[in-house]
Structure formats: structure tokens, C-alpha cells
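> For reference, the chains in residue letters:
Protein chains: 2
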Amino acid sequence: MPLEKLAAAFFLQMAIILTACRVAGLVGRRLGQPQVVCEMIAGVCLGPSLLGWLAPGLQAQLFPPDSLRVLYVGAQLGVGLYMFLVGAEFRVDLFRGRLRGAASVSIAGMLAPFLLGALLTPWLMKIPGLFSPRATQWEATLFLGAAIAITAFPMLARIIHERGLSGTPLGTLALAAGAIDDAAAWCVLAVVLASFGKGAHLAYQAIGGGVAYALFLLLVGRRLLVPLGQAVERAGRLTQTHLAILLTLFALGAWAMDAVGIHAVFGGFLLGASLPRGLLTRELQRLVEPFAVVFLLPMFFTFSGLRTRLDTVDSLQMFLVALVVLAASVLGKGVACWAAARLNGEDSATSLAVGTLMNARGLMELIILNIGLQNGFIESGLFSVMVVMAIVTTLMASPVFEWVYGRRARLEGRLGSAGSTD
Amino acid sequence: MPLEKLAAAFFLQMAIILTACRVAGLVGRRLGQPQVVCEMIAGVCLGPSLLGWLAPGLQAQLFPPDSLRVLYVGAQLGVGLYMFLVGAEFRVDLFRGRLRGAASVSIAGMLAPFLLGALLTPWLMKIPGLFSPRATQWEATLFLGAAIAITAFPMLARIIHERGLSGTPLGTLALAAGAIDDAAAWCVLAVVLASFGKGAHLAYQAIGGGVAYALFLLLVGRRLLVPLGQAVERAGRLTQTHLAILLTLFALGAWAMDAVGIHAVFGGFLLGASLPRGLLTRELQRLVEPFAVVFLLPMFFTFSGLRTRLDTVDSLQMFLVALVVLAASVLGKGVACWAAARLNGEDSATSLAVGTLMNARGLMELIILNIGLQNGFIESGLFSVMVVMAIVTTLMASPVFEWVYGRRARLEGRLGSAGSTD
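Residue numbers (our numbering), protein chains in the order written: chain L, 94 to 515; chain P, 94 to 515.
Treat the hints with care, as some may be off.
You can't tell identical chains apart in this list, so a pair holds if it fits in one copy or across any two.
Claimed, not checked - Taking lysine to any residue and the SDA-like style, the derived pairs with C-alpha atoms no more than 20 Å apart in a straight line are:
hint	residue 1	residue 2
1	219	257
2	98	296
3	98	327
4	98	467
5	98	155
6	98	407
7	98	302
8	219	409
9	219	421
10	219	307
11	98	400
12	219	162
13	98	326
14	98	298
15	98	345
16	219	120
17	219	259
18	98	288
19	98	150
20	98	251
Hint data in this document are derived by calculation from the structure and do not stem from the laboratory.
Please work from the sequences and hints to get the whole structure.
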């Protein structure tokens, strides 16, 4: 494909992707759903599961193979920047307030998923088209556990912030537990990625590289970044030079983690988490988030949707797999976190709300799944089944939250209105 | 190249490109140069003219052929968005104030370049490696004329705004004349692109498509966009939905102009110029410009630099071509505009300053040259010679302006400090 055709194909794709995401968002908002889950669904609809099934010729014309490489890089840039921003919002001080409660909920939200992972993988690994034949039982358990344990942490943070729950027991508990679980799940995923399908040499390189990067940021990087934060405070704003420095460091971190064999998102997230808090992180959010979320992230949803083949769920067995994975996910995260909160003395409504919020997986799940598929660790069948699980558990969150907590709390004047995420 | 390697190559490239652009900017600022010309030079340095000449192996490793396609699309997105923002800043009301003066200067700044183009092309077309053998004398004249006539309009606007010259005779005159000349040069370029190397059928499609797009925006689109502007005013900010609508329209316009055979930048510029002025355009600028200018535009400078081969200027003849093109450019734009302003009764310092500002070509020249090369209209030799011309005339602007106008005006308290563009 000549270069100018490639650019034309890209612009047309973007017009269609952005339109699909916004139309889905408009419909979803009427049903009380957040934008992110609507974009997940829009992505699946643009892929072989709907558009490619209804109009394969049109779909192939819109997404010629050559253009997918550009879409892939755009998608990586989008999730990389997004995780960079998530890292910049990540607040360790949340843990302090309600440490005991958060610890119980987060431990329950880790133990149960890995337990269920261990129970299910012996069965799942026998079914072709789910895990790579080269995956070990141990790796499959860790991957499935991490995929069940992940929480839509950024979405959680936004819901809690928007509804004015930031200071409440529910808000603090859910945020802290979600943060701990997500951090743990990403660590486990990094270990799986580092070990899977590599010789000992490459596995050491990946684990060593990841640990070295994290330690460097924690011990040295954080301090080196302090002057940058001070320069931003002095200037009273984030200048183009500051932004360029931050984006250069982001690109370096993303490259380093890609190069050692983990994934660009780790580079972005850890760097974001190391940034000095204050004007720098607020301005970074303000300047980068709009374009990253509105323009770049939809590329990721689409690329992920192009890989989702709902037609792989075409046998009774695969249907059973889908149901079992969904049930295990709700049980291992939603129910486990509810039980832990209840045992920890929270009232029934708060516990149910915590369970519901922790059960939503959103974009984070898609990132994990795409990394797994990209590395050949899981195959198209399990990928598609788990995309459905991610969509269903995210779709559940808003109405169930409203039902178990929102209406009553609003009547008592304890809750902001269920405004849109926009 | 497998996908994950492609993403890793992209992140590494970006880290190096952003670093090169910022280091060049830091050095340049000390010498009183604006960021844009530093990035033009940084791009050339990353290409075969410096890095590829010093360390061809390293250069080839940093920019593997596969990754160039991604860089190209990113570059198109960058200039497309940039021209979209330039269009959104474009103010027709500038013309009213000093219509007569602006008309003389802008007519001089158009006539002289096309006259010089007509004089030079018979000679230039005989030299191999400059124009495509398929280009007619008429097309070559129009292209060379447009390339000499173009002004760094966005840079001009920024310099004038930053130095507090917006209300002065100099500011109004230069801005209005620059805007008229740029608009005219782009129209001429569109005609050249539409006619060059195409059958009558494709030429009609390009001209018809371009005219239809411009007329549609002028007659219908502007009105259709009014409610969007009102919605932004009501909301008091540009929401994600508003931003998504704007970026979708941008992508559609860029695609349409690419598809009919003109170029994506026209789609972006004309759409930007049609947007309702007010909170919408201010917020669009605020939300999109930082990322577009800091992250995406450097891809364009690099892609352009990768195409610039200063080693084509390796004969006495090519050296002569370079000198003549440079002299014709300064004569056709700087001297012609100075003379027009002087004849129109402006004082000597103001006239010299107008000539100097109009003579800087900056990014706009690079866009025109890349379009010409991409379409096979000009060849590597002329491209490289004219990149040098663009850099030299832009480099000249700041010191000459300071010399002929700045020092005196500052002594009289009529001028802001020569602050950096950042």
C-alpha cells in the first residue's frame, strides 16, 4: 500500500472508530453505562464479530492488513499513555486510612481468583484453542488468576470521585483495595510474561529488567524527578519543555519494558507512579488525557475488537467455558470482596457496593488479555470468552451499584448524582 | 518485523526524536531562535545528512524501513492537526484594519515569487534531479512560485502576539499580508497537485473535490457548526464528546482531501477556518495543541529530515542552484514585501521588519516540499536545496528582525521582550 493511501486509510478508520465509540457512548449513557464499556463494545462491533460478519467486504476494505500495523502502534501508544496517567493518579496515601479493611478485601480479591484459577486450569488446558500448548499449568493458573483479580482501577477512582464518595468508608475501602489488587495482578502478569515460552536467559532478562526498572525508579528516579516537579511549580504551569521531558521519559520507559520482554504499559505505569505529586501531575493529566482518551484509546478498543472472535464460542463446550469463566470471575472477585468486607464489619449495603465495584474490570482486563494473546500465551477462544467476561462484569457494575447502594444513599443525601463520566 | 518489535522501535524512535528536538531547541533559544527552526534542523540531523553519514549502521537500526510507515502516518496526523489548529486561529477580521497596505504587501509577496518562478524554471528544469520529467513548465512555475511565496504564518502570528505587536501597524500589516499570501499559495499548490501527472478525469476529481469541500464548508458547514460552538459556550468547556466530534470531523476532512488527491492538510485547515470562534476554538487549542506540537509534529520534522539528502548538493552546479534558489526566495519575498510596504508609506524600520517576517518560511515550507516530493512532482535534489532555503530564511528572521526593528522599538518601549516561544 503506497504511503499516501496508508494515511488516507488511517484518517477514514479514525473517523469511523471515533463515530462508533461516541454513538455507543450516547446509547450507553442513557442506560446509565460509563463511556469505557461502550467503547469496549464498539470495538467488538467493528471487528469480525459484527461488522465482519454482516459485511466482510466492507470490513476488509476499512481495515486493510497494512493499516493494522499503524493501528497497533497507535493502540500501544494509547494504552501506554493511559497507564502513565493512571500511574500519575495512583495514590499510596489511600492505604493508610483504613488499612485493615483494605487489606482484608484486597487479600480476598487476590486469593479467591488464584484459587479458582488453580481449580479451573486443569480443565481449561485440556480444551483446544484456549491456552497455548506451551503454557505450563503453573503459568496458566497465574495468568487466569491475575485476569480474574484485575479491577478497573481508573474507572473505580473516577466513579468514586464523581459521586463524591472520596472521603467515605466505601470510597476509601474500594480505592485502596482496588489499587493493591491491581498492582499485585500486574506483578503476577509480569512474572508470567517474563517466564513464558522463553529460555532461562530471556526469562532472567525480563525479570531482571523489570525489577531493575522498578527499583531504579523507586530508589533513584523519584528523587531525580523532584526538581522537575519544583520547576513546574515555579513556572506555575507545565511548559512545552516540561511536557517534552515527561513524554521522552515515558517513551524511554515504554521502550525499555518492551525491549526486555515485559510490556510498554509497565514502563508507563511505573514512571507515572514515580512522578512528584502536585501541579506537575495535575497539568499532565489536563494536557495529555483529552487527546489520549478521546483519540488514541479508541484505537486500542478497535484493535482489541478486531481480535475478538465471538464465533469461536460456537460449541456447547465453548459456551460452557464462557459461562464458567464468567461465574468464576464474579465469584472470585465480586462475591469474595463482598464477603471480606462483611466479615470485616462493614454494613450490608457498603459491602455489596464494594463487591460490585471491585468486580468491574473494564479496560484493564482488555490490556491484560491483549498482552496474553500478543505473546501467544492464550489463544483466540479464551481471549474472546474473557473479552465477553470483561464487558459483562463492567456492564453489571453501574446498575447493580445503583440498586444495592445508590438509591438508598441518595435518599439519605450521602451520594452525588449519577452523572455521566464526561 | 513482528508487531511487538514495531512498537518497541516506535517508542525508542520517539525518545530519540523528542530528545533531539529539545536539545536543538535549548541550543537555539540561547541564540535567539524559535523552537520550530531548531526542530527542522534536528530532523535533518537525524536523517542521512548527518546521523546517516556519521553512523549509517546506527541510523538504519533506529529507523528500520518498516517503522517508517508508522512514522509517516504519525507525521501526517501531526501536520494535519497542526493545520487544523492554524485554521482555527485564522482571523479574517484582520484584513479590515489596513486593507490597502496589506493588499500591496501581499500582492508583491505573490507576484514577485511567481515572476521569479517563471524566470528560473526554464533553467532549473534542464538540470536532472530537481523537477519530475513529467512536470510541465507551467506546473513547475506555479509550484516554485508557491514555495517561494509561502510564509510561516503560524510562527508570524506567534511572534507578533508574543512581542505585543498585535495592535501595531507592523503586526496588523504582517499578519494580514501573511494570511492572504499563505491562503493564495495553498490554493495554487492545490491546483498543481490536482493537475500534475493525472489524467483529465483525476484532475477534475481533485479540483472538483477540493472546490466542493471548500464551498460546502463555507456555505453549509459553517452554519452547521454554530450549534456546536453554542453547546461549548453553554457547557462552559469543551467536553470529551465535543472534542470527539471535532476530531471525527477533522479525520473525515483529512481523509476526503487525501482521497480526492489533494492533501490531508487542506482538509484540516479549511475545517479549522470554518469553526465558530470563541470558547470552542480556544479550548480546542488548549487541549490539542500541547500533544500535537510536542509529540506529533517532531515526527513530521524527522520524516522530512529522513528525506533530506544534503549530499545531493555535491557539484558546483547544485551549489549554484542552492544559492540561486536562496537568493530568489529572499528577493521574491523579503525584498519584495519590504519594497511594497515602503512604497505604501510605511517607515523604514516597519518596512524592513515586515519584509523580514514575511521572508521566514518555517514549517509551512516543509509541508509544501514534502507534498511535492511525495507526489513525485519534485525530486530529492530540489527538495534538499529548498529545505536548506527554508531553514536559512527562518534562521535569518529572528536576528534580522531584532537588528532592524527590535532594539530600537524596545528602547522606545514599544515592544515586549524577545521571550521564547515556549
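> Now tell me if each hint is right for this structure.
Here is how each hint holds up against the structure:
In the homo-oligomer, the alpha carbons of residue 219 and residue 257 never lie at most 20 Å apart, since the shortest distance is 47 Å inside one protomer and 73 Å across protomers. Taking the shortest alpha-carbon separations for residue 98 and residue 296, only the inter-copy value of 17 Å comes in at or below 20 Å, while the best intra-copy value is 41 Å. In this homomeric assembly, residue 98 and residue 327 never come within 20 Å of each other (Cα to Cα): the closest approach is 46 Å inside a single copy and 40 Å across copies. Within a single copy, residue 98 and residue 467 get their C-alpha atoms only as close as 27 Å, which misses the 20 Å cut-off; across copies the closest is 11 Å, which meets it.
In this assembly of identical chains, residue 98 and residue 155 lie within 20 Å of each other by CA distance solely inside one copy; the values are 12 Å within and 25 Å between copies. In this assembly of identical chains, residue 98 and residue 407 lie within 20 Å of each other by CA distance neither inside one copy nor across copies; the values are 37 Å within and 33 Å between. In this assembly of identical chains, the alpha carbons of residue 98 and residue 302 lie at most 20 Å apart only when taken from different copies (17 Å versus 39 Å within one copy). Taking the shortest Cα distances, residue 219 and residue 409 sit within 20 Å of each other inside one copy (15 Å), while across copies they are farther apart (74 Å).
In the homo-oligomer, the alpha carbons of residue 219 and residue 421 lie at most 20 Å apart inside one protomer (18 Å), although the nearest pairing across protomers, at 76 Å, exceeds that limit. Taking the shortest alpha-carbon separations for residue 219 and residue 307, neither the intra-copy value of 36 Å nor the inter-copy value of 61 Å comes in at or below 20 Å. Proximity of residue 98 and residue 400 under a CA criterion of 20 Å is satisfied inter-copy only: 19 Å between copies versus 24 Å inside one chain copy. Taking the shortest alpha-carbon separations for residue 219 and residue 162, neither the intra-copy value of 33 Å nor the inter-copy value of 41 Å comes in at or below 20 Å.
Taking CA atoms no more than 20 Å apart as the test, residue 98 paired with residue 326 passes in neither setting, with 45 Å inside one copy and 38 Å between copies. Only between protomers do residue 98 and residue 298 lie at most 20 Å apart by alpha-carbon distance; the minimum there is 16 Å, versus 40 Å within a single protomer. With identical chains, the CA atoms of residue 98 and residue 345 are at most 20 Å apart between copies only, with a shortest distance of 14 Å across copies and 31 Å within one. In this assembly of identical chains, the alpha carbons of residue 219 and residue 120 never lie at most 20 Å apart, being 40 Å within a copy and 62 Å across copies at closest.
Taking the closest pair of Cα atoms, residue 219 and residue 259 never come within 20 Å of each other, the shortest separation being 45 Å inside a single copy and 73 Å across copies. Proximity of residue 98 and residue 288 under a CA criterion of 20 Å is satisfied inter-copy only: 18 Å between copies versus 40 Å inside one chain copy. For the homomeric pair residue 98 and residue 150, the shortest alpha-carbon distance inside one copy (18 Å) is at most 20 Å, but the shortest distance between copies (30 Å) is not. For a Cα distance limit of 20 Å, the shortest separation of residue 98 from residue 251 qualifies neither inside one copy, at 39 Å, nor across copies, at 33 Å.
This entry does not satisfy hints 1, 3, 6, 10, 12, 13, 16, 17 and 20, going by the numbered hints stated previously.
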